[in-house]
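Student: Listed below are the residues making up each chain.
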Amino acid sequence: MNLVDAKTHLLRYRPGTTDAADPLVNEALALAKISPELACWLEAQSAGLTVLRGRFRQIAPPAGLKEQILSEFAASQRAMARRRLLGVTLAVICVLVATLANLWPPRRATENPLVLYQNRMVRIAMGGYAMDLLTNDPGSIRAYLAQHQAPADFTLPVPLQHTALMGCAVRDWRGARVSLICFRTGKPLPPGVASDLWLFVVDRASVGNAPNPNAPQFARVSRLITATWTEGNNLYLLGVQGPESDLRQYLL
Amino acid sequence: MSDSADFERLVERFYAPLYQFAFSLTRAEADACDLTQQTFTIWAAKGHQLRDPSKVKAWLFTTLHREFLDSRRRQTRFPHLELDALEAELPTVAPAAISRLDVAHVLDLLGRVDEVFQAPVALFYLQDYSYLEIAGILGVPLGTVKSRLARGLGQLQQLLARDITAGQPPQAL
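For the protein sequence lines, the chains are W and G, in the order given.
Sequential numbering of the first sequence, starting at 1, is according to the numbering used here.
Sequential numbering of the second sequence, starting at 1, is according to the numbering used here.
Just chain W, with the same shape it has in the complex (with noise of 0.2 Å):
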């Protein structure tokens, strides 16, 4: 190592540190050690390295500036907690509402009686029920279905007095009897079907939100049209399988 590059080397080299450490600094320090003029650079570079890195070191912070960090930290902390509650607020709607969604409508229908009863009679229309007394004799079917104790005082409509009556049965709803009155439309039916228009009657009193006594009200439940009105202490509701005006018809 020559004395140039020995003070290229020593120009790194800080005094108390560990910058002695390194092989080249460290060789060129031995050979400051016996060589006078880069003993007497190396002094001249050290003085002049403690005055520059006093000088590095006087650079001040303008006032405020610690302030002015913490300041904007506490703003951030407070903008993060602000978005933090707006987060946590809307997760909580978003459950609510996905929970209302999922709770809403079949509370809504167990909610109904009406509803209930309207989806229970059709599907007892539709599922193949058997009638317990078979006859086109409207005496004999009032008389059967007083004395199973089910509404036996209904008033039909004027064209259902003239339609064929095929037969009754009675079941029950919610503790209360049921009155099932089959007709017969005059389509063709399958065989083995031996109606498809259907009078349900019961105390109004045991279907919690009965429609007023006004016109019939007329609603789709599965594949059935079907027509809800009272009268006196009696519901009805009567149904047959094709369009509102099919039904229409039994009611005029």
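Everything labelled a hint here was simulated from the structure, so no lab data went into it.
It cannot be assumed that every hint is accurate.
Stated by the list, open to error - Chain G regions said to be covered by chain W (calculated; three or more residues, Cβ under 8 Å):
(1) 7-20
(2) 102-115
(3) 141-153
A virtual CB, placed ideally from N, CA and C, is assigned to each residue, including glycine.
Please arrange chain G on chain W, whose structure you already have, making use of the hints.
Tutor: Relative to chain W, chain G alone:
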């Protein structure tokens, strides 16, 4: 380290040396403040990822330097004095002459050193970091740090000698 008290202690301990490093690089108070502020903002967001508390200081300096380089890439590079390769013979500068220079002049000289050498030279003077630690902060190999330090300090030495010989007044920052 995430609550306000810990953060305040961290700022208390490191904001001044970080600012010194930032000012050495930018030579502009506003830019140095921004860099220091940004460094602590990044710490607030990501500092919890650092597992070894003994590396906090190096992490902060590394982050500040990275932010400086990013900001430099977004700006037009400023013109600086191009020096020849390290002269064969390093000039000797009298310590008494150096002591007449103020901080602004010293930083102006640093700003005229090749940009790639400025960060290692600033860390060399500001902190007692080893070469290995400086290499870690700057993200370069150890040998590169030694080379950049030698060349950067050599350029600074030449600039000092020129200014002092010519009796130039300190240039405005």
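Student: Check the structure against each numbered hint from earlier and tell me which ones fail, lowest number first.
Tutor: Going through the list in order, the structure violates no hint and respects every one.
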